[in-house]
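Participant: Whole structure, please, built from the sequences with the hints as guidance.
Residue numbers (our numbering), protein chains in the order written: chain A, 1 to 255; chain B, 1001 to 1698.
Among the hints, a few may not be true.
Below, simulated BS3-like cross-link-like pairs (lysine-lysine); rule was C-alpha separation at most 25 Å, straight line [said to hold, decoys possible]:
| no. | chain 1 | residue 1 | chain 2 | residue 2 |
| --- | --- | --- | --- | --- |
| 1 | B | Lys1422 | B | Lys1478 |
| 2 | B | Lys1691 | B | Lys1613 |
| 3 | A | Lys74 | A | Lys126 |
| 4 | B | Lys1272 | A | Lys126 |
| 5 | B | Lys1323 | B | Lys1395 |
| 6 | B | Lys1605 | A | Lys74 |
| 7 | A | Lys126 | B | Lys1613 |
| 8 | A | Lys164 | B | Lys1272 |
| 9 | B | Lys1272 | A | Lys82 |
| 10 | A | Lys221 | A | Lys17 |
| 11 | A | Lys74 | B | Lys1619 |
| 12 | A | Lys115 | B | Lys1395 |
| 13 | B | Lys1619 | A | Lys135 |
Just so you know, these hints were derived from the structure itself, not from any lab. Small disclaimer: the values here were computed from a predicted structure and weren't measured.
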Amino acid sequence: MSNVLEVKNIEKYYGNKSNLTKAIDGISFNVEKGEFVGIMGASGSGKTTLLNCISTIDRVTAGKIIINNQDITKLKGNKLNKFRREELGFIFQDFNLLDTLTVYENIALALTIQKVNSNEIDRRVKEIAEKLGIKEILNKYPYQISGGQKQRAASARAIITNPKIVLADEPTGALDSKSARQLLETFEHLNKNLGATILVVTHDAFSASYANRIIFIRDGKIFNEIVKGEDTRKQFFEKIIEVQTLLGGDLNDVI
Amino acid sequence: MLFKLSFRNMKKSFKDYAIYFLTLVLGVAIFYMFNSLDSQEAMLKVSQSTRELIQLMIQMLGMISVFIAIVLGFLIVYANNFLINRRKREFGIYMTLGMGRRQISAIILLETILIGIISLVVGLFIGIFASQFMSILVAKLFEADMTEFTFVFSKDACIKTCIYFAVMYIAVIIFNTLTISRYKLINLLTENKKNQKVKVKSPVISIIVFIISCVILGYAYYLVTGGVGELRTAEKLMKPILMGIVGTIGIFWSLSGFILKIIQTRKKIYLKGTNMFVLRQLNNKINTNIISISIICLMLFMTISVLSGSLSIKTSLDEQLDKFTPVDVNLYKPAYLPESYVSEYSGKTIYYTDEQIEDSRHPVSYTLETNGYDINRLKDIIEIPIYTLPEWTLKYSLGNNYEQTKEKYPMLLYDIPESIIKVSDYNKIAKAYGEEEYSLNSDEYIVLCNYEQMENIRNQTLSTNSNIEINGKTYHSKYKECKDGFIYMATTEINAGIILVPDDFDLKDENTEQYLLVANYNADTEEGKENIESTLIGTGDTEFFKNVEEKGIELDGSSKISIKESSKGLTTIIIFIAIYLGVIFLIASAAILALKQLTESSDNKQRYTILRKIGCDEKMINNALFKQIFIFFITPLILAMIHSIFGIKFILSMLEVIASPDELLPSVIVTALVIGAIYGLYFLATYFGSKNIIKEEE
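Facilitator: Given below as structure tokens:
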């Protein structure tokens, strides 16, 4: 399997010489094509900074990030935007659907800004809607549909461009547990049946248990890495909880 | 501390304040310009009557200024309200930090005073410079010679501006304090999280409403142009006005849905770049602002019509003026007064004195000479009597067409006797005026008329059966239509009908209604002519005036100089008032439009952030924003422009001015420049302001 994403010894510093914060302090890992990887860590561990660097929203201080054989830390300006448009898909915590557009238009927008042919847009939107079971709500506005449906619409928008990798930041953060489960199943479906490579950042063990592999981050460094392998999701979930305890998870942070 | 906070706030949110500031500065500058006219007048060399006209204009502008101040006051309060709302969160934070309402009010008070003073100073500065250009314009319009240019500063206008705006700022302060006192902390902090529901309109209904609105507007356009002859009363005028308002609202109600539907069917355009987003944004924006956009459209319509209409009236009036004032003076007085008459108003019988009756049996020159006027001041004197016959009324002239005409024009006075002049008498005047001379056989007559409406009425009779029986003899019109001509000088075509009869027509002295004297002044220079004019017309304190007044002789007259001046004065007053009102309306509509856009840009910030997140680069986002604001600004302007094509035509036809397209063109260009400049300025300020708002977060 080829690597879709290679993170090589990246560092990200904030502040100045007298007051330096190392948000990321030498992280390296690879994501293979078709993998579903979770990144876990407490608040302030650097996981969101890591995702921002990968998603080209933020720049690294040192190191390389290679996506699909291209070093994105060297890209600038319009090339960077083009890269983000064409190679990456995003799913955000608060859906980020445009309230003035219908679901159909929200999904199509990801393609129209890539200047895709209009006939093809129509075909692809309908195809993806069918696969994610949101065909019936295509002509509805975001305020007319449920949270779970919104998140599926957002997922459709993220993968319709056939991105090399889908990045999700706390995707279940704004959902009730039922909708969250549905969304995670959608992710599983995207990953298994549609072959999407997914990188999810979360602090929620249940969300993470849907991934194949989990990278734990603490204080800007990789703390641990566990692979699901042949485990059931329940076993994997228990393993995650164990590591989280070691990590000095949420509870310890409080004290 | 509070001062520091206010000052920093202003510096920080300067771009937010841009629209507010622009509006204040323009308001102050224009207010000063139009109120400083009286000091500019001093530098102009103009005649006495022009000076009086300028005084009248200044008085009128002064009254209009009060109205303008009210409009500006509302606008400023509205604009300020926008700023306060945008900062709710900031005030919420101050309140959580323990600041009281009073202190927040103090901050806002300081800010209002600061920005008020700055805008007043900048506005006055611009106004003082702009008013120098304005005095050149005044001089040109009044055709005064401005031999030396002096820089004028009007202290009065400056003080007046300061007082008026101080009052407006106080209103703003009171309003702000009221707003703040009603705030609740929770609302202040969560203000940004409001999620707006999208109103969805059925496309079918949109299309139907759109078509109906177009038909209504089309019919209203027809009423004010093609069917303008019918619009003689104010009530009838209400119909096209109401239809115009309803049609405009209907268009804006349905427009965006209609266009959206059409473009949606063209997938190539709809599914291209950010078009979809821009269209939806506009749809949303126009749908939530139907009434304000309609009002703005109508205000723009008024601005365009009033500006270009008034400017073109001036052009065409000036040209006509020379034709209708061929000699220096007309003097006339009633002839053959009866011993008494019954007043129509009081019902009392009024007796004329013997002196009055005696004087009325002689021509005008007799009056001049017997009352001590030096007749040598006049030259080229022509005197003619004008007759009336009690039986020859307008009704009698119209003959068989009377009933039909009365039905159509019930307001005309049909029982007034027609003015009759012997053809040889008229020819003397025609020669002096440079008009066509006529000859008549003993059974013919001619009708002279140049007032279009009356011409049409009279021609109906003349073209069919013009036979008229007077004193047992039948006369017929020499021509099948009215001929062009006039005897009284005027500003334009207002001769409603004069009948020329053969010299042997049986007219007795007692039939004389009026004596007319036509003459030129015996002087070669303009100054000499003006001196003579003052001895003849006006309220001079000479023996002649005293005598005429004592005897109660109703000697009246009009002169080339006074007609020209009053005409110029009137058109100039119209133009100044039109510009003043037009520009203020323009500023008001542009400012409201800009604020509407900016208020929503804060909501839109979220939407543009999403666009950025899904991979739109800054170029695409700015492009989308530009398109959206541009269309938002241009839509009411386009409809207003279509309205004005018909509005201007209506104004011109109402004022009986016939302007050819090339006469209209310059005034249209000037109007376009004024609107382009002010509207464009607000558009740019809005674009950069919005760009700034959507950029903020990152």
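Participant: Would the hint linking Lys1422 of chain B and Lys1478 of chain B be met if the CA-CA limit is 25 Å?
Facilitator: holds, 14 Å
Participant: Please work out if Lys1691 of chain B and Lys1613 of chain B have their alpha carbons no farther apart than 25 Å.
Facilitator: holds, 17 Å
Participant: Would the pair Lys1323 of chain B and Lys1395 of chain B pass a check requiring their Cα atoms to be no farther apart than 25 Å?
Facilitator: violated, 31 Å
Participant: Is Lys164 of chain A within 25 Å of Lys1272 of chain B, Cα to Cα?
Facilitator: It holds: about 23 Å lies between the C-alpha atoms, which stays within 25 Å.
Participant: CA of Lys74 of chain A to CA of Lys1619 of chain B, is that 25 Å or under?
Facilitator: The hint holds at about 21 Å.
Participant: Would you mind confirming whether the straight-line C-alpha gap from Lys74 of chain A to Lys126 of chain A stays at or under 25 Å?
Facilitator: Measuring from Cα to Cα gives roughly 36 Å; hence the hint is violated.
Participant: Below or equal to 25 Å on CA atoms is what counts here, so check Lys1272 of chain B against Lys126 of chain A.
Facilitator: Roughly 17 Å separates the two Cα atoms, so the pair holds.
Participant: Are the Cα atoms of Lys1619 of chain B and Lys135 of chain A separated by 25 Å or less?
Facilitator: Violated: Lys1619 of chain B and Lys135 of chain A sit about 33 Å apart, past 25 Å.
Participant: Given the hint that Lys221 of chain A pairs with Lys17 of chain A, test it: the Cα-Cα distance must not exceed 25 Å.
Facilitator: The hint holds at about 21 Å.
Participant: Does Lys1272 of chain B pair with Lys82 of chain A here, judged by a C-alpha cut-off of 25 Å?
Facilitator: Since the Cα atoms of Lys1272 of chain B and Lys82 of chain A sit roughly 16 Å apart, the hinted pair holds (cutoff 25 Å).
Participant: Holds or violated: Lys126 of chain A with Lys1613 of chain B, Cα cutoff 25 Å?
Facilitator: holds, 23 Å
Participant: Is it true that the CA of Lys1605 of chain B sits at most 25 Å from the CA of Lys74 of chain A?
Facilitator: Roughly 29 Å separates the two Cα atoms, so the pair is violated.
Violated hints for the displayed structure, listed by number in ascending order: 3, 5, 6, 12, 13.
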